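Everything in the sequence shown is counted per this note's numbering, starting at 143 for the first residue and increasing by one.
It is worth saying that the hints were derived from the structure and are not from the lab.
Treat the numbers as computed from the prediction; the structure is a model and nothing was measured.
Watch out, some of these pointers could steer you wrong.
[Stated by the list, open to error] What follows is a list of derived Cβ distance ranges for each label pair:
#: 1; residue 1: ASN254; residue 2: PRO150; range: 21 to 27 Å
#: 2; residue 1: PHE269; residue 2: THR184; range: 27 to 33 Å
#: 3; residue 1: LYS174; residue 2: ASP265; range: 20 to 26 Å
#: 4; residue 1: SER164; residue 2: ASN274; range: 42 to 48 Å
#: 5; residue 1: ALA155; residue 2: THR220; range: 24 to 30 Å
#: 6; residue 1: ASP182; residue 2: ARG279; range: 48 to 54 Å
Ideal Cβ placement from N, Cα and C applies to all residues, glycine included.
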Amino acid sequence: MSAEIHQPVSRRAAILRILRESTVRNQDELVKELRKQGIDATQSSVSRDLRELGVAKAGDHYIVPADSLAVNHFEAITTFVIDIRAAGPSLTVVKTTTGTAQSVAVAIDKSNWPEVVGSISGDDTIFLATENARDQRKLIDRLREIFRKGIGVRG
Numbered sequence: 143m144s145a146e147i148h149q150p151v152s153r154r155a156a157i158l159r160i161l162r163e164s165t166v167r168n169q170d171e172l173v174k175e176l177r178k179q180g181i182d183a184t185q186s187s188v189s190r191d192l193r194e195l196g197v198a199k200a201g202d203h204y205i206v207p208a209d210s211l212a213v214n215h216f217e218a219i220t221t222f223v224i225d226i227r228a229a230g231p232s233l234t235v236v237k238t239t240t241g242t243a244q245s246v247a248v249a250i251d252k253s254n255w256p257e258v259v260g261s262i263s264g265d266d267t268i269f270l271a272t273e274n275a276r277d278q279r280k281l282i283d284r285l286r287e288i289f290r291k292g293i294g295v296r297g
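My request is simple: use the sequences and hints to build the entire structure.
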């Protein structure tokens, strides 16, 4: 493994370890923790790593919802979804609790569902594009089944 590839991989492993073992409130704290472990990192590289890992900020600290998602991408995030609804024949809007949309979108993306042609996520909203209304209905049904623990799920 080249040094260029090895560095982000080992840094990301360290980030996950740190987030599992302690409460980290911001990226600066995480950069400091990494440096204590001898890993040089910038805020921008940590920001990219957090996004790539699907880490979310819940309240005042980071959480790793993907911790136990190797088999089921959704196991740890089923309560993050507040609302699911159609917005026209090929756009589905998913509302999440504040700071968790990225984690939910990553789980959906990792699932590689054929009906999803693309996704965009913000802080508490995800747009999911489908090719047609039939695919959208299938997607909404699938999301409702997975996120039935959420609050007020409707379509």
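Taking the hints in turn, this is what the structure says about them:
At roughly 23 Å, the beta carbons of ASN254 and PRO150 sit within the given window of 21 to 27 Å. A beta carbon spacing of about 30 Å between PHE269 and THR184 agrees with the range 27 to 33 Å that was offered as a hint. A hinted range of 20 to 26 Å for the beta carbons of LYS174 and ASP265 is consistent with their spacing of about 25 Å. About 47 Å separates the C-beta atoms of SER164 and ASN274, a value consistent with the hinted range of 42 to 48 Å.
With their beta carbons about 26 Å apart, ALA155 and THR220 fall inside the hinted range of 24 to 30 Å. Separation of ASP182 from ARG279 is about 49 Å and conforms to the stated range, judged on CB atoms against 48 to 54 Å.
Every hint, counting from the list given before, is met by this structure.
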